[in-house]
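Colleague: When you get a sec, could you build the whole thing from the sequences and use the hints?
The opening residue of the sequence shown carries number 1 in our numbering; numbering runs sequentially from there.
In case anyone wonders, no lab produced these hints; they're calculated from the structure.
Honestly, I wouldn't trust all of these hints.
Label pairs and their computed distance ranges (CB to CB) [said to hold, decoys possible]:
| hint | residue 1 | residue 2 | range |
| --- | --- | --- | --- |
| 1 | Thr-304 | Arg-18 | 23 to 31 Å |
| 2 | Val-363 | Thr-171 | 39 to 47 Å |
| 3 | Arg-57 | Arg-332 | 36 to 44 Å |
| 4 | Asp-347 | Ala-395 | 16 to 24 Å |
| 5 | Thr-171 | Ala-360 | 46 to 54 Å |
| 6 | Ala-287 | Val-363 | 47 to 55 Å |
| 7 | Ala-284 | Pro-12 | 52 to 60 Å |
| 8 | Val-392 | Val-331 | 28 to 36 Å |
| 9 | Ala-185 | Met-245 | 54 to 62 Å |
| 10 | Thr-171 | Val-392 | 31 to 39 Å |
| 11 | Ala-360 | Pro-12 | 38 to 46 Å |
Remember, it's a predicted structure, so these values are computed and weren't measured experimentally.
Just so it is clear, CB atoms sit at the ideal spot from N, CA and C, and this is done for glycine as well.
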Amino acid sequence: MTGPAPVSTADPLVERFRAMWAQLAGIGRDPGTGGYLRYAWSAAELTCREWFTAEARRRGLAVRPDGNGNLWADWIPSGVDPTSPAVVTGSHFDSVPHGGGYDGPLGIVSALLAVDELRERGFTPARPVTVAAFVEEEGGRFGLACLGSRLLTGGVSAQYALALTDSDGVTVAEAMQAAGADPAAAGPDPDRLARVGVFVELHVEQGRALVDLGAPVGVASMIWPHGRWRLEFTGAGDHAGTTRMVDRRDPMLTCAHTVLAADAQARRLGAHATIGRVAVRPNATNAIPAQVHAWLDARAADDTALTTLVEAVGAEAAARAQADGTSVAVVRESDSPPVAFDPDLTDRIATAVGAQLTGAVPVLPTAAGHDAGVLAGHVPTAMIFVRNPTGVSHAPTEHATDDDCATGVRALAAALADLAGR
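Modeller: What follows is the structure, encoded as structure tokens:
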């Protein structure tokens, strides 16, 4: 005799997340490293944007790009004023070179699934709910992080941004044109910005605080101030075999000393300093370099510590350059001030999420930059983090479990319902 069919205990939201995540998993993934190469306006990122447009339209959302390449998918039920300020959520698709798959896309997939979750509950928003996909958040192709949100808010001029180039000399304007976008439309968009009433970005945690706290999700309190500086070391190119050591003016030596100095100063100040990118000219094995460019990523808990860190690294580089017979110039490429997220909004979201998950939700700072940090200077903004079991980010092993991702979707849905409810 055949007994009753077993009752499935699988969480349907976990299954829906898993299915949607699989649609993106192979796009732009390097088979050798397992990391992602989803640079802004590249074929891989454009494929992700096409996927987003199709998924949004399948849900009846109206998708529109702005002049800067950011995508906006609006859920505007009948009777809702389409011009009223929206509750906006979303993130980005682009990656750092060989980065992880969760940084950015998790916020977009979760936003679409949160819309599904709200509809399944029979929820109808009283104001528009918008899912956004921002362009060039990482700065992995053109060097300036959060380019799409900076352009939107006027944080950078269109003239400056459009002239930025990638490693192949392609400008932002040329990349936009190749993708069918009009660079002449780039720049501040006060009308679009005015339609953002509040912004909530869900993101995989870039660290392991939630692991240590035993919590699947958390809410952000602030973003550390951070920035990028280009260090230009100049010496004298020469033959590696015939030039005596005493006669050398080798900028690579100055650079190497500066890398160690940056590490030491960051540890002394309780800050973070990284030199992870170097360009060498002529870049030949048997030639002493004539010039070395290195990029310093510096972050600290406050502006004073950050300024102290960068000045100390610059001073050590200059002292070593004098000893090596080289020269160094420190050029600021970008900087982001500390961002304290709206405390009332943070408390409101923590309360709404806690009620959904029946437990207190941790509130914690982050040292990573986000589009939310740019928008925070213009609209009330908050962030929700999903636990990262390894704490690793910007690397192929970046990860979040399907169960935690589903919890993140429910947390985001609770926040959206609270903010967009009647």
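Colleague: Now look at each hint and say whether the structure bears it out.
Modeller: For each hint, the structure was consulted:
1. Thr-304 <-> Arg-18: 23 to 31 Å: violated, 46 Å
2. Val-363 <-> Thr-171: 39 to 47 Å: Between Val-363 and Thr-171, where Cβ atoms are some 41 Å apart, the hint holds.
3. Arg-57 <-> Arg-332: 36 to 44 Å: holds, 42 Å
4. Asp-347 <-> Ala-395: 16 to 24 Å: violated, 33 Å
5. Thr-171 <-> Ala-360: 46 to 54 Å: holds, 49 Å
6. Ala-287 <-> Val-363: 47 to 55 Å: Between Ala-287 and Val-363, where Cβ atoms are some 53 Å apart, the hint holds.
7. Ala-284 <-> Pro-12: 52 to 60 Å: For Ala-284 and Pro-12 the Cβ distance comes to about 59 Å; the hint holds.
8. Val-392 <-> Val-331: 28 to 36 Å: holds, 30 Å
9. Ala-185 <-> Met-245: 54 to 62 Å: Hint holds: Cβ distance 56 Å, inside 54 to 62 Å.
10. Thr-171 <-> Val-392: 31 to 39 Å: holds, 33 Å
11. Ala-360 <-> Pro-12: 38 to 46 Å: violated, 27 Å
Hint violations for this structure: numbers 1, 4 and 11, all remaining hints satisfied.
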